[in-house]
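Visitor: What follows is the residue order along each chain.
Number of protein chains: 2
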Amino acid sequence: MGTSARPAPADVRTVVCVGAGVIGGGWVAYFLAHGFRVVAWDPAPDGEERLRHLVGAAWPALTELGLAEGASIDNLTFEPDLAKACAQADFVQESAPEDLELKRTLLADIDAATPEGVVISSSTSGYGMSEMQDKCAHPDRTVVGHPFNPPYLIPLVEVVGGTSTAPDVVAWTSEFFTLAGKSVITMDREVPGFIANRLQEALWREALHMVAAGEATVEQIDLSITDGPGLRWPVFGPMLTFHLAGGQGGMAHMLDHFGPSLLSPWTRLVAAELTPELRDAVVDGCDREADGRSIDDLVAERDRGVVAVLRALGRA
Amino acid sequence: MGTSARPAPADVRTVVCVGAGVIGGGWVAYFLAHGFRVVAWDPAPDGEERLRHLVGAAWPALTELGLAEGASIDNLTFEPDLAKACAQADFVQESAPEDLELKRTLLADIDAATPEGVVISSSTSGYGMSEMQDKCAHPDRTVVGHPFNPPYLIPLVEVVGGTSTAPDVVAWTSEFFTLAGKSVITMDREVPGFIANRLQEALWREALHMVAAGEATVEQIDLSITDGPGLRWPVFGPMLTFHLAGGQGGMAHMLDHFGPSLLSPWTRLVAAELTPELRDAVVDGCDREADGRSIDDLVAERDRGVVAVLRALGRA
Chain A
1 MGTSARPAPA DVRTVVCVGA GVIGGGWVAY FLAHGFRVVA WDPAPDGEER LRHLVGAAWP
61 ALTELGLAEG ASIDNLTFEP DLAKACAQAD FVQESAPEDL ELKRTLLADI DAATPEGVVI
121 SSSTSGYGMS EMQDKCAHPD RTVVGHPFNP PYLIPLVEVV GGTSTAPDVV AWTSEFFTLA
181 GKSVITMDRE VPGFIANRLQ EALWREALHM VAAGEATVEQ IDLSITDGPG LRWPVFGPML
241 TFHLAGGQGG MAHMLDHFGP SLLSPWTRLV AAELTPELRD AVVDGCDREA DGRSIDDLVA
301 ERDRGVVAVL RALGRA
Chain B
1 MGTSARPAPA DVRTVVCVGA GVIGGGWVAY FLAHGFRVVA WDPAPDGEER LRHLVGAAWP
61 ALTELGLAEG ASIDNLTFEP DLAKACAQAD FVQESAPEDL ELKRTLLADI DAATPEGVVI
121 SSSTSGYGMS EMQDKCAHPD RTVVGHPFNP PYLIPLVEVV GGTSTAPDVV AWTSEFFTLA
181 GKSVITMDRE VPGFIANRLQ EALWREALHM VAAGEATVEQ IDLSITDGPG LRWPVFGPML
241 TFHLAGGQGG MAHMLDHFGP SLLSPWTRLV AAELTPELRD AVVDGCDREA DGRSIDDLVA
301 ERDRGVVAVL RALGRA
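Those sequence lines, one after another, are chains A and B. Residue numbers for the first sequence follow the UniProt record's numbering, so the first one is 1 and each next one is one higher. Residue numbers for the second sequence follow the UniProt record's numbering, so the first one is 1 and each next one is one higher.
One or more of the hints may lead you astray.
[Unchecked claim] Derived CB-CB ranges, DEER-like:
#: 1; chain 1: B; residue 1: Leu100; chain 2: A; residue 2: Leu67; range: 22 to 30 Å
#: 2; chain 1: A; residue 1: Ala300; chain 2: B; residue 2: Gly292; range: 19 to 27 Å
#: 3; chain 1: B; residue 1: Asp74; chain 2: A; residue 2: Ser294; range: 24 to 32 Å
#: 4; chain 1: B; residue 1: His253; chain 2: A; residue 2: Gly56; range: 43 to 51 Å
#: 5; chain 1: B; residue 1: Asp291; chain 2: A; residue 2: Asp287; range: 52 to 60 Å
#: 6; chain 1: A; residue 1: Arg189; chain 2: B; residue 2: Asp291; range: 21 to 29 Å
#: 7; chain 1: A; residue 1: Glu64; chain 2: B; residue 2: Ser261; range: 27 to 35 Å
#: 8; chain 1: B; residue 1: Ala68; chain 2: A; residue 2: Pro192; range: 28 to 36 Å
#: 9; chain 1: B; residue 1: Glu175; chain 2: A; residue 2: Leu263; range: 21 to 29 Å
#: 10; chain 1: B; residue 1: Gly314; chain 2: A; residue 2: Arg189; range: 28 to 36 Å
#: 11; chain 1: A; residue 1: Glu69; chain 2: B; residue 2: Gly292; range: 35 to 43 Å
Hint data in this document are derived by calculation from the structure and do not stem from the laboratory. Please read these numbers as outputs of a predicted model, since none were measured by experiment. C-beta atoms are modelled at their ideal positions from N, C-alpha and C, and glycine is treated no differently.
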């Protein structure tokens with residue numbers, strides 16, 4: 001396997017976006033705003049029209065956040081021929097519908113048309129690359145780069161390879177996305193739903209159960225998040241949030257005090273057994289994240305963050 | 001049952017906070033900042049000291065958000081005698097540790113010392129008032145008013161009565177919290193964990209499973225939320241967020257397109273069956289929430305919100 005045509009992550013100029021729906025179009029907007037040239041392909045008859053509508057709708061937010069030097073909607077080319085699009089790629093981001101057979105075939109087509117060594121990343125929200133890459137002649141350069149909607153605003157990208165993905169391709173992809181301004185989690189094993197989707201899927205399923213059982217309305221569910229824990233989560237994640245629920249004792253006190261509530265019927269999801277090993281893993285992880293900040297420091301930081309969020313949203 | 005001593009919700013002047021740990025102390029700070037006189041009781045030897053530390057730590061954030069006229073830390077009295085504290089109440093908020101027997105006994109003691117008709121609300125994060133009120137001589141005026149940490153910043157309060165709670169007490173409590181600046185969800189039935197805690201508990205349990213299984217680290221879990229879906233949740237809740245994942249087709253397209261992914265192993269939580277009734281309930285709920293705003297309107301509103309959050313947190 002040669003990698004002759006693979007540019008260094010910092011040298012990528014042209015990104016090819018395959019599939020230009022909500023996610024693919026969001027990627028197009030993101031890469032344009034970050035100064036890349038983008039070639040987009042979509043099979044829908046109104047694909048270009050929808051894409052330009054979506055990019056236009058995203059542009060004010062991207063402008064507000066600050067465009068890269070040279071960034072312009074004019075750097076977008078819509079190319080109706082997939083092979084001609086892929087031939088121009090320094091990097092490919094595939095965002096086709098979540099249909100395994102479709103993606104297996106499409107990735108093989110992309111692979112056949114993309115210059116040797118150039119990385120092909122998939123936006124799949126749930127399939128592992130191991131399931132999708134097997135029809136490719138060069139599966140080693142295929143990798144998952146899973147974004148969140150809208151990809152032009154939400155920083156997170158989860159990067160994970162499949163069994164045939166070359167480790168240096170995973171590393172290259174994480175470096176490329178980081179240089180392109182993304183917040184990258186590099187996973188060393190495939191887990192269905194990756195990380196963030198597993199967490200939000202658990203919440204989503206509990207919400208659906210509650211609606212189905214008549215326990216809460218759609219509006220109550222949304223209000224309970226936007227006016228409740230949702231105000232904390234852009235500041236600190238669920239672990240560090242609970243680190244502060246234990247008072248000065250932090251996560252250790254929290255788990256020792258509230259551990260029994262894991263047996264309460266507070267969700268339909270059966271809890272993990274709180275073994276000493278799990279307890280220590282969670283406590284140690286919070287300590288590493290706190291990184292020397294005391295509980296008082298973290299409380300002050302959380303409070304500044306929540307106040308800033310409330311004020312920013314006009315809810316102070 | 002008389003209600004002679006119960007003031008109108010707008011006439012409450014003195015709030016008695018029973019229990020002054022992280023949650024109870026947070027309530028003290030909140031009520032002080034909103035101009036109330038607060039009498040606090042806590043059995044810990046260092047209870048007053050811890051309380052004043054907590055209120056002092058909360059005060060900068062509360063000042064930043066804007067204090068009510070006459071609001072002052074000087075309006076706090078620490079009263080070491082529970083009965084003397086309760087005797088002064090226009091409203092009682094109980095925030096004792098999550099121990100059912102403790103709460104049952106404590107609520108009876110509060111009930112015995114509080115003027116006739118005055119409402120007694122519990123911060124319990126998981127017990128139903130039906131379980132807790134049975135030792136009270138006047139259980140009709142006991143109710144759950146469940147806040148989120150920190151109660152001085154997070155607006156949400158879930159209000160729900162027990163089997164012996166008078167309906168007008170539930171209504172009074174919701175009105176009082178609303179007048180006091182809270183965002184209130186009034187539930188018409190007791191559900192373990194109420195609403196928001198069920199949702200965040202499902203997420204928390206999935207996170208613990210992932211750590212236990214070696215699928216993700218504590219740090220990856222927190223980053224996946226703060227840099228991922230957590231940035232959307234203060235703006236739109238999970239339902240309206242997914243309303244926008246379906247493109248112009250909204251939640252209806254989302255459920256029809258991604259419904260099958262409910263069968264995917266993306267969380268350990270088994271999904272609700274997506275019956276036509278559940279589908280319609282979710283779609284109709286999103287339509288009611290959207291309240292005439294088009295998908296384009298909502299996308300623009302979400303984007304402005306996420307951009308504001310990113311900028312407010314210095315992450316633009």
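Visitor: Tell me, in ascending order, the numbers of any earlier hints that this structure violates.
Guide: Those not satisfied are hints 1, 2, 4, 5, 6, 8 and 9.
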